[in-house]
Amino acid sequence: KASEVLYLQASINNVGVPTNIDYVPAYIVNTCFCIEVGFKYLLEQQGLSPRGHKLKDLYDQLNNSNKNLIESHIKQFSNDHSKYQQWFDDCLIEVNEGFVQWRYFYEATQTPTSSSNVINSVRANLNFLKHLRDALDTMI
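Going by the working numbering, the sequence shown runs without a break in its numbering and finishes at 1087.
It is possible that part of the hints are untrue.
Claimed, not checked - Each pair of labels, with its calculated beta carbon distance range:
{"#": "1", "residue 1": "Ile1040", "residue 2": "Val984", "range": "17 to 23 Å"}
{"#": "2", "residue 1": "Ser1029", "residue 2": "Asp969", "range": "34 to 40 Å"}
{"#": "3", "residue 1": "Tyr970", "residue 2": "Gln1023", "range": "22 to 28 Å"}
{"#": "4", "residue 1": "Lys1030", "residue 2": "Glu991", "range": "29 to 35 Å"}
{"#": "5", "residue 1": "Lys1014", "residue 2": "Phe980", "range": "32 to 38 Å"}
{"#": "6", "residue 1": "Glu991", "residue 2": "Ile968", "range": "25 to 31 Å"}
{"#": "7", "residue 1": "Ser1025", "residue 2": "Gln992", "range": "23 to 29 Å"}
{"#": "8", "residue 1": "Asp1036", "residue 2": "Pro997", "range": "15 to 21 Å"}
{"#": "9", "residue 1": "Ala973", "residue 2": "Gln1033", "range": "25 to 31 Å"}
{"#": "10", "residue 1": "Gln993", "residue 2": "Tyr970", "range": "32 to 38 Å"}
The set of hints was computed from the structure by calculation and includes no laboratory data. Quick caveat: nothing in here was measured; it's all calculated off a predicted structure. The beta-carbon is built from N, C-alpha and C at its ideal position, and this holds for glycine as well.
Turn these sequences into a full structure, and let the hints steer you where they fit.
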């Protein structure tokens, strides 16, 4: 799994994520927010009135047609199609509260005692976020 996941690493400019580690928290916050707004748009098109920031909760409310479009876009980047669904679910859970967890990252890491706790408790697969955002871009 480690080869598929990018945790706070830089130098990945060719896939459209920050190359400077200092920009990763802002990238995660903004990308999670874009995904949230995209999910909410699709849900409103389904006649729902979505609330909240939890990406998994919003995703779970999408109809199967929307889910299939999103997953078919992301699946093409999977290294192992037999384990794709578990990987997708794990990544979505991992970034579920990315907007909330990461938006105060800088404040939380200003004290020595909280820095390691924050780094150990918040993670995000940057490639997954990018592909999820791109999938929504193709749909909206």
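How the hints compare with the structure:
1. Ile1040 with Val984: 17 to 23 Å: Given range 17 to 23 Å: holds, Cβ gap about 20 Å.
2. Ser1029 with Asp969: 34 to 40 Å: At 37 Å between Cβs, range holds.
3. Tyr970 with Gln1023: 22 to 28 Å: holds (27 Å)
4. Lys1030 with Glu991: 29 to 35 Å: About 33 Å separates the Cβ atoms of Lys1030 and Glu991, which means 29 to 35 Å holds.
5. Lys1014 with Phe980: 32 to 38 Å: violated (20 Å)
6. Glu991 with Ile968: 25 to 31 Å: For Ile968 against Glu991, whose Cβ atoms are near 36 Å apart, the range 25 to 31 Å is violated.
7. Ser1025 with Gln992: 23 to 29 Å: holds (27 Å)
8. Asp1036 with Pro997: 15 to 21 Å: holds (20 Å)
9. Ala973 with Gln1033: 25 to 31 Å: Given range 25 to 31 Å: holds, Cβ gap about 29 Å.
10. Gln993 with Tyr970: 32 to 38 Å: holds (34 Å)
The structure fails to meet hints 5, 6 from the earlier list, while all remaining hints are met.
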